[in-house]
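J.: Here's the letter readout for the chains.
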Amino acid sequence: MDVRSQIAMVFHLDKCIGCHTCSIACKNIWTDRKGAEYMWWNNVETKPGTGYPTKWEDQDIYKGGWKKNGEEKISLRGSGKYKGLLNIFHNPYLPVLDDYYEPWTYKYLDLIESPAGDDQPTARPVSLVTGKPIDIKSGPNWDDDLSGTPEYARQDPNLKNLSKAEREAMFQLEKMAMFYLPRICNHCLNPACVASCPSGAIYKRGEDGVVLINQKVCRAWRMCVTACPYKKSYYNWNTGKSEKCILCYPRLEAGHAPACMHSCVGRIRYLGVLLYDADKIEEAASVPEEELIDSQLDLILDPFDEEVIRNAKENGIADSTLKAAQTSPVYKFVKEWGLALPLHAEYRTLPMLFYVPPMLPIMASLSQTDDTEQAKKLDPIAKFWDKHHRYDTTSKSIMQTVEQARFPVKYMANLFGTGTEGKIIQVLKKQLAVRIHRRSVTVGDIDKEITKDTLTEVKLTPEIADDIYYLTSLAKFDDRFNIPPAHREQALEMLEYTGDAKGSSGFGFKEVPQRGL
Amino acid sequence: MNAFNNIFFIALPYAALLMFLVGTIYRYKATKFKFSTLSSQFLETKKLYWGSVPFHWGILFVFFGHLIAFLFPSYILLWNQVPVRLAILEVSAFIGGVVALIGLAGLFYRRITNDRLRKVTNYMDLILEVLLLVQIFLGLWVAYGFRWGSSWFATVLSPYLTSIFTFNPQIDAVAMLPFVIQLHIILAFVIFMIIPFTRLVHVLVFPLSYLWRPYQKVIWYWDRKKVRNPNTSWDIHRPRNN
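Read top to bottom, the protein sequences are chains A and B.
FYI, in my numbering the residues of the first sequence are 1 to 517.
FYI, in my numbering the residues of the second sequence are 1 to 242.
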């Protein structure tokens, strides 16, 4: 058993309001530079939708991730040692600028400096690449909130395997629903970007599992952009280097939450340590598609287990990290409660960012009642929905059943369940049970038996349901982000003799990151 | 004429060698960040395919042809004894040159006509492309006009290059070559000389080692086992990630 620690994340999608504050926080810190304008290391997509870059989930186009044919070992779909080096002069699967969008700004000064005339002056958009006026054709969130549904939402690659009727039902105006999918680099356990880099510039940090690109070793062979199935490695056209989300490691090392997580308005994000068994990574990534999620969750070790702790200590994992693993909110969501699932586990990269799937707007069930007495109490002007219907709190399906959800479970399963519905149904049922439990606690209009039944059906106790409720709804900053100390003070002395740097400008990257000749 | 020969066939190759060695080593040490292919595929991909692929395969074929002829001249002569084999070699080398020329011309056209690419083009890129265009053109001229190049390369140029590398330059044979061939040789030295100042450095960092490294790569800032063990001393080593 080779125990390693990994900083992992959970995004609770039911809480995401799609405000893009995370994207802006990230952009302002990391990608507000020439050549990086088009990059959104953190982006928020509307689902159903095609996302950014357009149709990134369609691996028939972009050939990202790992594939497994029959009994063969897993191999990179569009890159790798032989395919990658043969395609090195021209990578046929590389997404280009137009697949993302051409970044632009406006000529604001024209508003002030244009001469007096009959027309309002306008600020024309100019490309941030060429500096010339452009007609904006798309942006990073062109299909936000289902805008342009015929063009975008209906092209969502996750609609595969859905019948025509199911698709049509999703897009009926009165039934339409959507949810937001915030995405950052998954800092995978079996990263395809690392495996595809011919230069060996990309690596996973042993200490915390953050995947980084060494800017001095990257030579722009562009294979990582293809290999990452989530398209979270970006090519900087100006410096000729690839860049990606660094999980704000300078902040992490100082004990701060990453900028996107710190700024999250909906408080949907959780970050903490997971312990995993590095010996079993390849095995876990090689199981049949429908077992992938289970095998990935099996990699994650119980931080309370004596043997795990002993092995972790032997591997030099600090006590503080073990403590963080035991109190990790991510461990609770992913392993203890089984509420969070990886996004597109079928790409076989073993992503370490987990999502609590959304329930979408819940439809309560109504039952016919005689509420004339109730109506008498109301002012005649007061509007009420229907005189003779009331929320039916006597049935188990007070809040709808999973099968009645706005989206077919199959759609969710394509996103979070490798196409199989069992896992998704379990997670959604658990969430519903917690809601029913909390309603019975706070409102008290649900029969105790019904509450108990729904909880036992999904193997939850009222105590656990309360814990889930707390971490979902009330969690404070420190509950959501459990960051272990990085112990850089020891690392620094291991790396170099500190006396070497005495009287100089310090450690680290001292070369100005200029484009090559 | 003696001065001309001395400058271009003795001084120039040594200057080129020195500049290449000092320049690349210095650049690699001091400005490693700038070592990149500076790929522009992200900005324009369709035309790149029709330029980059033929150019690279063509130039690689021709380059290794020259290299083999330089390193193993006797084998080339042995091969060329049979006329059919000579024809195969010459024709395929010529085709390689033509393919490279067409590809490079396409790349040059692409670079100067595309708005986006102009933003990532500097003078050195253009100078290099023109130099290479001229060089390939001259090479084709030599191959067509002064037959059979592969044979006389082995007998004339291989000894000359060997004499350069053994620091005992013998230029009598080279001095008598036609001017077109001389120009081709001089230009080769010039291109060799400016490698450290162009994007050609990407050739030197071609990632062949990818073939035998494991797919996954994990880097530790420090060996935690060692730090925790009071019996081992801390060896001071440079991190491998920066």
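Think of the hints as simulated: they come from the structure by calculation, not from any bench.
Just to be clear, a hint being listed does not mean it is correct.
Said to hold, decoys possible - DSBU-like cross-link-like pairs, simulated, lysine-lysine; straight-line CA separation at most 35 Å: (1) B:K29 - A:K67; (2) B:K47 - A:K63; (3) A:K68 - B:K29; (4) A:K68 - B:K119; (5) B:K217 - A:K55; (6) A:K63 - B:K46; (7) A:K323 - A:K160; (8) B:K47 - A:K67; (9) A:K137 - B:K217; (10) A:K73 - B:K119.
J.: Now tell me, hint by hint, if it's right for this structure.
T.: Verification of the hints:
no.: 1; hint: B:K29 - A:K67; result: violated (39 Å)
no.: 2; hint: B:K47 - A:K63; result: holds (21 Å)
no.: 3; hint: A:K68 - B:K29; result: violated (41 Å)
no.: 4; hint: A:K68 - B:K119; result: violated (41 Å)
no.: 5; hint: B:K217 - A:K55; result: holds (29 Å)
no.: 6; hint: A:K63 - B:K46; result: holds (18 Å)
no.: 7; hint: A:K323 - A:K160; result: violated (43 Å)
no.: 8; hint: B:K47 - A:K67; result: holds (30 Å)
no.: 9; hint: A:K137 - B:K217; result: violated (39 Å)
no.: 10; hint: A:K73 - B:K119; result: violated (43 Å)
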